[in-house]
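Going down the list, the protein sequences come from chains L and P. Counting from 1, one number per residue, gives the positions in the first sequence under the numbering used here. Counting from 1001, one number per residue, gives the positions in the second sequence under the numbering used here.
It is worth saying that the hints were derived from the structure and are not from the lab. Misleading hints may appear alongside valid ones.
To be verified - Each pair of labels, with its calculated beta carbon distance range:
1. Thr1059(P) - Met321(L): 43 to 49 angstroms
2. Asp1465(P) - Val106(L): 43 to 49 angstroms
3. Gly326(L) - Ser1381(P): 44 to 50 angstroms
4. Asp114(L) - Asn1011(P): 29 to 35 angstroms
5. Asp1053(P) - Asn199(L): 51 to 57 angstroms
6. Glu328(L) - Thr1379(P): 37 to 43 angstroms
7. Thr1379(P) - Met321(L): 32 to 38 angstroms
8. Asp1337(P) - Thr433(L): 57 to 63 angstroms
9. Glu1446(P) - Asp114(L): 39 to 45 angstroms
10. Asn1287(P) - Glu115(L): 55 to 61 angstroms
11. Arg139(L) - Asn1287(P): 25 to 31 angstroms
12. Asp252(L) - Ser1100(P): 21 to 27 angstroms
13. Arg1482(P) - Met321(L): 43 to 49 angstroms
14. Asn199(L) - Gly1311(P): 53 to 59 angstroms
Stated by the list, open to error - 30 angstroms max Cα-Cα, derived DSSO-like pairs, lysine-lysine:
15. Lys1343(P) - Lys57(L)
16. Lys47(L) - Lys1057(P)
17. Lys413(L) - Lys295(L)
18. Lys87(L) - Lys1087(P)
19. Lys1295(P) - Lys1414(P)
Claimed, not checked - Far from chain L, some chain P residues (derived; all Cβ distances over 10 angstroms):
20. Ser1076
21. Ile1306
22. Phe1391
23. Phe1412
24. Ile1462
Here a beta-carbon is modelled for each residue, glycine too, at the ideal position from N, C-alpha and C.
2 protein chains.
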Amino acid sequence: MAKFLTNKDDNYAQWYNDLVIKADLAENSVVRGCMVIKPYGYAIWEKIQAELDKLFKATGHVNAYFPLFIPKSFFSKEAAHVEGFAKECAVVTHYRLKLSEKGEIVVDETAKLDEELIVRPTSETIIWNSYKNWIQSYRDLPILINQWANVVRWEMRTRLFLRTTEFLWQEGHTAHATREEAEEETRKMINVYASFAENFMAIPVIKGYKSENERFAGALDTYAIEALMQDGKALQAGTSHFLGQNFAKAFDVQFTDKNGKLDYVWATSWGVSTRLMGALIMAHADNNGLIIPPKLAPLQVVIVPIYKGDGQLEGMAKAAMKIKEGLEARGITVKFDDRDTHKPGFKFAEYELKGVPVRIAIGPRDLENNTIEVARRDTLSKETIPADSVFEHIPKLLTDIQNNILSKAIQFKKENTYHVDNWKDFISRLDDTGGFIMAHWDGTAETEAKIKEETKATIRCIPFDSPEEAGKCIYSGKPSKRRVLFARSY
Amino acid sequence: MAKFLTNKDDNYAQWYNDLVIKADLAENSVVRGCMVIKPYGYAIWEKIQAELDKLFKATGHVNAYFPLFIPKSFFSKEAAHVEGFAKECAVVTHYRLKLSEKGEIVVDETAKLDEELIVRPTSETIIWNSYKNWIQSYRDLPILINQWANVVRWEMRTRLFLRTTEFLWQEGHTAHATREEAEEETRKMINVYASFAENFMAIPVIKGYKSENERFAGALDTYAIEALMQDGKALQAGTSHFLGQNFAKAFDVQFTDKNGKLDYVWATSWGVSTRLMGALIMAHADNNGLIIPPKLAPLQVVIVPIYKGDGQLEGMAKAAMKIKEGLEARGITVKFDDRDTHKPGFKFAEYELKGVPVRIAIGPRDLENNTIEVARRDTLSKETIPADSVFEHIPKLLTDIQNNILSKAIQFKKENTYHVDNWKDFISRLDDTGGFIMAHWDGTAETEAKIKEETKATIRCIPFDSPEEAGKCIYSGKPSKRRVLFARSY
């Protein structure tokens, strides 16, 4: 199976698409820009969801659910938000179908909505319209709510997981009594995302501020985590927005503070989406297929018997089931693949394609010697170990694989992060290798726009940890106080 | 707080609505018929989801995700389905908004879709259109997929949880090589639902076939579980459909069987929704508020200190934290409510309203005597026990409460199930007490329709376990072979 993947170095985009399809993660549907997330892809998403949900709850958040539809007029209530979101949206105009005289199904024109409904592209407006009724006093604050939902943004050019018209995501929407508390929440959540990316997805990220141009529509500040893909492009993997009092003012949400004074409520919102699936794939996979970090792998260990005839299989099945049960008791997900319809070589390639972290093979000689062959997906290396050591060996190996995938990604990021000090180098760096480029910028939107126009590179973020350093803008030559992160991006 | 609930016996509908609002489960949104599920309500739904998901996976199912939008033409592909679902739907006709010359947000008429998209009311059509590409041979079968999703059915008269325009649900969609296997799956899933209702929701149900009139649009057979609410009305709590080859034929999904013969694939679908929340409330709650079975309670135990001054609180907090930690280590969810803004009496009423199964109170005398006061929500009874026995006592008590709530519901169902043999009794039984009425029916759609018209009672199902018994139809007097279940319903 794996041999049908396009070579990553020949055509990265095609390799990505091949991989998503052939590893059974997702496919395009008949509905333009909407994907079908297939069971294997969805199982990874479920793992991502479960781990994030735990992190959200551990930081005091609760889940809730708000309507899919938003009245059109809500989009005009927050001035900046309207610019950003009242654009490519799915618009519901009618609420009934009927059979025409010709017997065809048509829209019933008598069932036209007075006000059109927009399928949510994001939920700040509908949620703040609810918060208005929930908040009177400082005692009602903070509100720390998250929502797992589908959203729709009408995209013209779509790519599986990376940019789709409908996608799944979570959106946190919090309300606070003070500016400081809201800012702290914004920061806290970008840290949660960064820690999730690193500890579960095995992807090191750069945390930073978005430039004004790249901010969320309606935010005073947007923090982002930026990850580096293997083709040298950046991918924004999560954002956390400090919304100030903008939405509270737009929806008139005031509260009485401890001193009895009325004030507008402070807000944040933050989200990650099924786009993370794209990051997970592009950060680690190779020409043989996916490489899934063990902590997010729906299937962590597969056991493949290598046998001739049922007589041999019996003993292997017995040994395999013992291993399976023992590992499962240790919280590890294991499958014993005894299908007689496919040869071991086919199975090996299939599980490599699907990125299963560990493969155990049991052959006739293994049975004799009481050994097993253990192959790890990340390095493709194999070793034969005593069967009796399996329960000690495999949990350690999974941890080792998780750490190794992360180390490799950290190394890749390090090797592909460049300090660039002049325009010529900037261009050639972008064209030669891509990567994260730390360079000086004069701080103006004008320069930012020109750089984007001429190179397609954008300011991914102004890293939190970018030190003060006097320099000159690579484009305008004007003075700059710190480097920012440039890259071409997804 | 509880005193503001309408009395259940005075106005059941108002009591229900009060309870949903005051216990903070959900509220109406500005979007007609769409509700906001608030954190406490959503936490119960999350419990329901988690337990059902485990049961689905234990029976071999996996999750996936299909598009929100369905092309209009898909609805005309299955003849019966179009009748049932191509009606009150949200119709997306445009994909862009713009600013008008007056500066208002308007629909961009140039961005009109060639074919309208329908927000899914159910997903058989879009899913079978995908299955078409997934199934070639018997080796690709069975497909056992479930989807957790939001769906939209434009409802004119809505009630929180019971009937809303948008609701959350799961929909299983399976594909099989043989009729027998599909029928077995249909039966298996209605049994899963029944067992979930009984073992987790503490609601006994009657399983049976739907009459032809009440079948899912496109199904050859629909099985349902019917639950009895405290006002004597029935509530359909889950359905499982045997779809025959209808959708396979509509979407041309054929497979090669083991003998190399082409045949259409056999299908089932099955679902439960946030409607279950309505059932959970109406089956158990009383005039003091919710009664949540411990297995689905987001908060199982609350500890309330009764103190004067912080000096007293300190010792109680110490005792409470010890209890909290010990119970949590046993997998029990506990909250210590040491708010100084509310008095104990207020807190007691609040947790009763919210249906928290167990309340522990610690007063000064308890501290002295090393005792605690334990109150159970289901019976409202209290007892004082040695603090040292808490870890033994509470887990047992939770099991006891779960069982008692179920026993009470079983008893209620028993007392409110009637065998009725003539029309006069049928009418007076409906008007006097409501309840489940087992009566003979001549098997015709005509009689069924007339009974509905005259009494608003419908055939809820033909129970699987209804024994053969000669009788006469209560309406037409024609011969009948078995009793069916009548009731007025939600």
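*Could you grab the alpha-carbon distance between Lys1343(P) and Lys57(L) and see if it respects the 30 angstroms cut-off?*
holds, 28 angstroms
*Hey, Lys413(L) versus Lys295(L), does the alpha-carbon distance stay inside 30 angstroms?*
With a Cα-Cα distance of about 21 angstroms, the restraint between Lys413(L) and Lys295(L) holds, given a limit of 30 angstroms.
*Does the Cβ distance between Thr1059(P) and Met321(L) fall inside 43 to 49 angstroms?*
violated, 21 angstroms
*Taking the CB of Asp1053(P) and the CB of Asn199(L), does the distance hold inside 51 to 57 angstroms?*
Because 25 angstroms falls outside the window, the suggested range is violated.
*Taking 10 angstroms as the cut and beta carbons as the points, is Phe1412(P) off the interface with chain L?*
Given that every Cβ of chain L is farther than 10 angstroms from that of Phe1412(P), nearest at about 31 angstroms, it holds.
*When you take the CB atoms of Arg139(L) and Asn1287(P), is the distance between them in 25 to 31 angstroms?*
holds, 27 angstroms
_Run the distance test for Lys1295(P) versus Lys1414(P): straight-line Cα separation, threshold 30 angstroms._
Holds: Lys1295(P) and Lys1414(P) sit about 23 angstroms apart, inside 30 angstroms.
*Separation of Phe1391(P) from chain L, once the least beta-carbon distance is taken, above 10 angstroms*: holds, 24 angstroms
*Using the C-beta atoms of Asp114(L) and Asn1011(P), is the stated range 29 to 35 angstroms upheld?*
holds, 32 angstroms
*Taking the shortest Cβ-to-Cβ distance between Ile1462(P) and chain L, state whether it exceeds 10 angstroms.*
holds, 31 angstroms
*Go ahead and decide if the range 39 to 45 angstroms is satisfied by the Cβ distance of Glu1446(P) to Asp114(L).*
The hint (39 to 45 angstroms, Cβ to Cβ) holds, given that Glu1446(P) and Asp114(L) are roughly 40 angstroms apart.
*Does the hinted range 21 to 27 angstroms hold for Asp252(L) and Ser1100(P) at CB?*
holds, 25 angstroms
Of the numbered hints stated above, those contradicted by the structure are hints 1, 5, 7, 10, 14, 20, listed in ascending order.
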